[in-house]
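Q: The listed protein sequences derive, respectively, from chains A and B. Under our numbering, the first sequence is numbered contiguously, ending at residue 401. Under our numbering, the second sequence is numbered contiguously, ending at residue 1276.
A couple of the hints might just be wrong.
As the list claims (entries may be wrong) - Chain A is faced by these chain B residues, among others (derived, beta-carbon under 7 angstroms):
(1) Ser1118
(2) Pro1119
(3) Ile1120
(4) Pro1145
(5) Gln1228
Worth flagging that the hints you see were computed from the coordinates, not collected in a lab. All C-beta atoms in this analysis are idealised placements derived from N, C-alpha and C, irrespective of residue type, glycine included.
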Amino acid sequence: MNRSMRRFLLGLALIASLSLVACANTAAILTASSWPGMTVEGDTIYLASGQRVYAINAETTFARWRYPLEVSGGGGITGGRAFYAPPAVTEDKVIITDFVDNLVALDRETGTELWIYQTNGERSIGGPIIEGDTIYLGDSGGVLHAVDLDSGEPIWTFAPEGTRGIWARPTIEDGILYYTSLDRHLYAVDAESGEMLWRFPEGDEDIGAMAITPLVLDGVVYFGTFFNELYALDLETQEVLWTYEATNWVWAQPIYDAENDLIISGDLDGQVFALERDSGELVWNFEILAGQVVESPVLVELSDPERRLLFVTSGTSQQNLHLLNPATGEPEERSVTLEGDFTTSFLFFPNTSERAVPVYTAPIIYNNVILLAAHQGDFPLYALDIESLVEAWHFDPQPGN
Amino acid sequence: MWNTFILDPMLNLLIWMYGILGQNPILAIIALTLIINAIVFPLRYRQLSSTARMQEVQPKLKKLQEKYKDDPTKLQTEMMNLYREEGIQPLGGCLPTLIQLPILLGLYQAITRSLAQSPIQLLELSQHLYQVSPPFLPNSADLIPLDPTFLWLNLGQPDPTPILPILVVVSSFFQQRLLTPPSTDPQQAAMTRTLSIVMPLFIGYLSLTFPSGLSVYWVISSIIGTIQYAAMGRASLKNLFGTEDGSFSLKGLLGLGEPEDTSKKQRPKSMSRKRG
Chain A
1 MNRSMRRFLL
11 GLALIASLSL
21 VACANTAAIL
31 TASSWPGMTV
41 EGDTIYLASG
51 QRVYAINAET
61 TFARWRYPLE
71 VSGGGGITGG
81 RAFYAPPAVT
91 EDKVIITDFV
101 DNLVALDRET
111 GTELWIYQTN
121 GERSIGGPII
131 EGDTIYLGDS
141 GGVLHAVDLD
151 SGEPIWTFAP
161 EGTRGIWARP
171 TIEDGILYYT
181 SLDRHLYAVD
191 AESGEMLWRF
201 PEGDEDIGAM
211 AITPLVLDGV
221 VYFGTFFNEL
231 YALDLETQEV
241 LWTYEATNWV
251 WAQPIYDAEN
261 DLIISGDLDG
271 QVFALERDSG
281 ELVWNFEILA
291 GQVVESPVLV
301 ELSDPERRLL
311 FVTSGTSQQN
321 LHLLNPATGE
331 PEERSVTLEG
341 DFTTSFLFFP
351 NTSERAVPVY
361 TAPIIYNNVI
371 LLAAHQGDFP
381 LYALDIESLV
391 EAWHFDPQPG
401 N
Chain B
1001 MWNTFILDPM
1011 LNLLIWMYGI
1021 LGQNPILAII
1031 ALTLIINAIV
1041 FPLRYRQLSS
1051 TARMQEVQPK
1061 LKKLQEKYKD
1071 DPTKLQTEMM
1081 NLYREEGIQP
1091 LGGCLPTLIQ
1101 LPILLGLYQA
1111 ITRSLAQSPI
1121 QLLELSQHLY
1131 QVSPPFLPNS
1141 ADLIPLDPTF
1151 LWLNLGQPDP
1161 TPILPILVVV
1171 SSFFQQRLLT
1181 PPSTDPQQAA
1191 MTRTLSIVMP
1201 LFIGYLSLTF
1211 PSGLSVYWVI
1221 SSIIGTIQYA
1231 AMGRASLKNL
1241 FGTEDGSFSL
1251 KGLLGLGEPE
1261 DTSKKQRPKS
1271 MSRKRG
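My request is simple: use the sequences and hints to build the entire structure.
A: Here it is in structure tokens:
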């Protein structure tokens, strides 16, 4: 083999490898769309995960029902129905959204479809909230919808000029809806009439896009932006009380720790931070290496009354659950790596391996277990014993379970 | 390695273009496609030159094949001698094509990723943004998410009308027809005719389901490719209509007519090379 032929083959091998890597990356971006949404009401866990919504009996760990019964097409952005937003639950209904443009009311007992309202070709990513007899949701086209809970008929829609996608659920407080938009504004809208009361910022100031559910607390709204800032804004005057500059986008809804008077959130660099509520001064921060915090941390009171923990999911596939002292930010326990089964097939031969499960969704505490919704893997839901952090059970989505 | 050297530079370049060009996503895609095509132009030129030289020696090659049909070893030696005399590297046309492939794949990924339409895609995108930009360019992270709307299109989703898929089919059909010289071999001519219809239809079918930003890229790429090849003297109305003088023929356009023997007229002046 002469020299030029060797060089050619070497070049060919290099380019073939690069192309393969490129193709693999392409496949990855076409299949994933969002992380699961989870709600617990009574003894039932409502889990929107991929192509189905499950109502799981938290006591027996089996599904009461699943919706839809038949699935078709891919679950990603390119086709088929997929479900990611946390369901909203009433006494007799479960309200869900899919990744097409459907808002669906299901019978809470049976999972039977009651009505469908469509959001004109734009998907609802954040999902619905319910107040009284009205459902409120934003869509990816930037339209805020109010829909009658009983009939599924529209009550009003609101779409300001130049609107962009609404990717997070609104918050309602004293009859006013507060929501953030990719159009770089926070909006306050009258829930009754759908009229805009105000928006921030009002002028040309650019504060960055937002995809966060605001926290409203004692006349102040707290929200983060893709310009790496967390804002505290006075609801009466729309005056900025303080801002905190994080190291990356602030996507996780802040929570309030009343005991320590702290506002706690995280950013896409994996920084979890706690700020003084009144001043926005940093009290502590904790870095999750190679992690991304996109959902709220959760405060948990353990059986020992002295023991309070902050549970944070990081989205990374290693050390997917972190337990911190909410007062100091110190890790209380060593972080947990939840491992699960992953079945793949190569040339029609299935192969199952066990590895760490990526978890973005905020955990939910139910009785003595902590529920973790998995972004990938064979099982969409894991329950860990809250004291020992050992897996108590997992939910197998195969029919019959 | 892929992200560092190919995807991330293209992705950030696309976002900078978006910022510079009035936050217009179509103009950004056009600008990036132009830049990338300009970068791969020397490779395309080499590929085309090599193909042209190979076409030129085909008659001689055929004679050798007939002469040494019973002696493959001798045939191989004579073929290599011929290539050497003519200054041709037999695989010289493949390497530029292969080098272009990852670059074009990177361009494809940069367009699809920059038009993130879901939370996971946006999270993915955030990992590829440069934290620091040159002083004369906007900060990539500040421009995210890109506004994907242009006229009736959401560039992150398929075109709800058949307009873009039709443009994709038409532009790639014309590109193929303009650039592919008719073959003297009836079997090869039939295959070329089929390919020149099937390939554009296939790409058109893909554009029905892929983000319309990609369709825009395909259309622009076809137009740029045609212009580049025309500038090199390789695009010909004779190829398009299958007629000797390049006059309009619907049958020829659709590849329904008999192929004409144009082998003697296929050597464009720009591609001819003096034999030493």
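Q: Could you run down the list of hints and mark each one as holding or not?
A: Right, here's what the structure says about each hint:
no.: 1; hint: Ser1118; result: holds (4 angstroms)
no.: 2; hint: Pro1119; result: holds (4 angstroms)
no.: 3; hint: Ile1120; result: holds (4 angstroms)
no.: 4; hint: Pro1145; result: holds (6 angstroms)
no.: 5; hint: Gln1228; result: violated (22 angstroms)
Hint compliance for this structure: hint 5 alone is broken.
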